Amino acid sequence: MKKICISVGLLLTMLRAGHAQSTEKPAYEKRKLKFEEVNIVSSYYHQDGNNSAVTGGIGTEKLTDLAQSFDLIMSKTDQKNRLHTFAFDFNIDHYTSASSDNIDPLTVSSASRSDTHVYPSLSWSVNNPANRTTKGVALSYSTEYDYKSYGINLSFAKASADNNREISVKAGAFFDTWKLILPPELRPEGYGSGAHGDRDPVAYKPRNSYNASLSLSQIINKRLQVLLTVEPAFQQGLLSTPFHRIYFRDGSETVERLPGSRLKLPIGIRLHYFAGDRVIVRAFYRYYIDDWGMQAHTVNLETPIKLTSFLSVSPFYRFSHQTAVRYFAAYGQHSLTEKYYTSDYDISGFNSQFIGAGIRMAPPGGLFGTGHWQSVELRYGHYIRSTGMVANNITFLAKIK
Amino acid sequence: MNNQRAGLLAIGLMLLGTSACTTVKEYQKNRINDAEMELSARKSEKFEQNFYLYREGAAGANGGKSGGGCGCN
Numbered sequence: 001m002k003k004i005c006i007s008v009g010l011l012l013t014m015l016r017a018g019h020a021q022s023t024e025k026p027a028y029e030k031r032k033l034k035f036e037e038v039n040i041v042s043s044y045y046h047q048d049g050n051n052s053a054v055t056g057g058i059g060t061e062k063l064t065d066l067a068q069s070f071d072l073i074m075s076k077t078d079q080k081n082r083l084h085t086f087a088f089d090f091n092i093d094h095y096t097s098a099s100s101d102n103i104d105p106l107t108v109s110s111a112s113r114s115d116t117h118v119y120p121s122l123s124w125s126v127n128n129p130a131n132r133t134t135k136g137v138a139l140s141y142s143t144e145y146d147y148k149s150y151g152i153n154l155s156f157a158k159a160s161a162d163n164n165r166e167i168s169v170k171a172g173a174f175f176d177t178w179k180l181i182l183p184p185e186l187r188p189e190g191y192g193s194g195a196h197g198d199r200d201p202v203a204y205k206p207r208n209s210y211n212a213s214l215s216l217s218q219i220i221n222k223r224l225q226v227l228l229t230v231e232p233a234f235q236q237g238l239l240s241t242p243f244h245r246i247y248f249r250d251g252s253e254t255v256e257r258l259p260g261s262r263l264k265l266p267i268g269i270r271l272h273y274f275a276g277d278r279v280i281v282r283a284f285y286r287y288y289i290d291d292w293g294m295q296a297h298t299v300n301l302e303t304p305i306k307l308t309s310f311l312s313v314s315p316f317y318r319f320s321h322q323t324a325v326r327y328f329a330a331y332g333q334h335s336l337t338e339k340y341y342t343s344d345y346d347i348s349g350f351n352s353q354f355i356g357a358g359i360r361m362a363p364p365g366g367l368f369g370t371g372h373w374q375s376v377e378l379r380y381g382h383y384i385r386s387t388g389m390v391a392n393n394i395t396f397l398a399k400i401k
Numbered sequence: 001m002n003n004q005r006a007g008l009l010a011i012g013l014m015l016l017g018t019s020a021c022t023t024v025k026e027y028q029k030n031r032i033n034d035a036e037m038e039l040s041a042r043k044s045e046k047f048e049q050n051f052y053l054y055r056e057g058a059a060g061a062n063g064g065k066s067g068g069g070c071g072c073n
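First to last, the sequence lines map onto chains P and X. Here my numbering is used: the first residue of the first sequence is 1, the next is one more, and so on. Here my numbering is used: the first residue of the second sequence is 1, the next is one more, and so on.
The hints are simulated quantities; they were obtained by calculation from the structure and are not laboratory data. In this text, all values refer to a predicted model and were calculated from it rather than measured experimentally. Among the clues, some could well be false.
What the hints assert, rightly or not - Using 25 angstroms as the maximum straight-line C-alpha spacing, the simulated SDA-like pairs for lysine to any residue come out as follows: (1) P:LYS158 - X:MET37; (2) X:LYS43 - P:PHE284; (3) X:LYS43 - P:MET361; (4) X:LYS29 - P:GLU36; (5) P:LYS158 - X:ASN33; (6) P:LYS158 - X:TYR54; (7) X:LYS43 - P:ALA157; (8) P:LYS401 - X:GLY64; (9) P:LYS401 - X:SER40; (10) X:LYS43 - P:VAL118; (11) X:LYS25 - P:THR134; (12) P:LYS222 - X:GLU36; (13) X:LYS29 - P:VAL118; (14) X:LYS43 - P:ASP78; (15) X:LYS25 - P:VAL118.
As the list claims (entries may be wrong) - To spell it out: a stretch of chain X is covered by chain P in this simulated footprint if at least three of its residues, at any positions, have a beta carbon under 8 angstroms from a beta carbon of chain P; those stretches are: (16) 31 to 37; (17) 44 to 51.
Note that the Cβ used here is the ideal one computed from N, Cα and C, for glycine as well.
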């Protein structure tokens, strides 16, 4: 009887110990990588105009671009309670361009008629709530038929103790390579076309870009917050486009020539205000200046209106004014004595307007009763440039959480 | 030059406005934390920012690229 009592007692003790082991939290809890969200963005863009740089500032600018983006965000909290965020961004766009087709007008359909641009990026950031800092690194790659790029970006941000202010610093560099595709009439003897199957050599030239960014965000009151950003950028290498034609006053022809460096200084301020219970005002202004003689002012105003708790419409208007770079002149207006010349209307002086609206649906339980499909957004805009170019852009976004 | 002054003045005035800020507690941030109030460009603006980069000379300070990484301006 004594043996039985001892055996039962031991068994109960073991069971209790086992139970305690299964309910008590261990000193170290393993935290798994958590899915945060996926954003899928699709876009269709179409433009037309009559100032193509490929044909010296005259000729069609017709272009159609289909773009697709997929970004995945995941996170993990480590043993020191720091939040690690991992983001993978994959983008692809395919364009057909009538003006690029005119690089080589003798061919029925040249290699430059259409192209696919692929640009993935990977980023990792660590947020430490103990000292309110976030550090990050991002790597990017981009490839087109005649252009390749490798990029790196580092970032650091620190929030104030009350989380009402944050200062952030970023630094980045892109190391790019151009494949020099020249118009056929301007190719030296033995110089290749750059097309698949053409074994004649073509030249390659680098273009490097370095940028830094300093931002300060501040919550002003319960309804208003602002962000100020200063983002100087320096580029060096081949900054002209090798297949842009130039026609001089005497009728002679060459390709675009621009300085080997460019220093840009944009300063932007963003102001977001929640007016009443349904209207938000998103205002943005940017002043831009560079050492090629361009100055620009850009204003963007968007006012999301919450029609219901899960449906909002967002009309927007953007106005931009830029002065021409000092090397710009129209078709047949350049002089042979000039050192640099371009007839690219993208860097000429003009006003542009972009007007449109977006509609966003984000039901509390997710779309179509699926909790994960959090929101969809459809956005359309019409772009008008005082040079005569017009464009239309439509974007669809789906967010899965 | 006048344009430059006007731009700097506008930024100066907005900065001056930030000096009038009040401390907002976490529980008072329901409007500030609204998705539409996020201090960045929308994800759906991604490709719009790309075409500005190609079609205009000015770039940067808007959450998009400031040059490099593409055969753009």
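Structure-based check of all given hints:
1. P:LYS158 - X:MET37: Status holds; Cα separation ~20 angstroms.
2. X:LYS43 - P:PHE284: holds (16 angstroms)
3. X:LYS43 - P:MET361: holds (15 angstroms)
4. X:LYS29 - P:GLU36: Roughly 22 angstroms between the alpha carbons, so the hint for X:LYS29 and P:GLU36 holds.
5. P:LYS158 - X:ASN33: Given that 25 angstroms is the threshold and the Cα spacing comes to 18 angstroms, the pair holds.
6. P:LYS158 - X:TYR54: With Cα atoms ~33 angstroms apart, P:LYS158 and X:TYR54 exceed 25 angstroms; violated.
7. X:LYS43 - P:ALA157: holds (21 angstroms)
8. P:LYS401 - X:GLY64: Holds - the C-alpha atoms of X:GLY64 and P:LYS401 are around 24 angstroms apart, at most 25 angstroms.
9. P:LYS401 - X:SER40: holds (20 angstroms)
10. X:LYS43 - P:VAL118: With a Cα-Cα distance of about 18 angstroms, the restraint between X:LYS43 and P:VAL118 holds, given a limit of 25 angstroms.
11. X:LYS25 - P:THR134: holds (21 angstroms)
12. P:LYS222 - X:GLU36: holds (14 angstroms)
13. X:LYS29 - P:VAL118: violated (39 angstroms)
14. X:LYS43 - P:ASP78: violated (28 angstroms)
15. X:LYS25 - P:VAL118: Between X:LYS25 and P:VAL118 the Cα gap is close to 44 angstroms, so the pair fails against 25 angstroms, i.e. violated.
16. 31 to 37: Satisfied; 6 residues make the cut.
17. 44 to 51: Held - the stretch 44 to 51 of chain X has 7 residues with a Cβ nearer than 8 angstroms to chain P, which meets the minimum of three.
Consistency with the previously given hints fails for numbers 6, 13, 14 and 15, ordered from lowest to highest.
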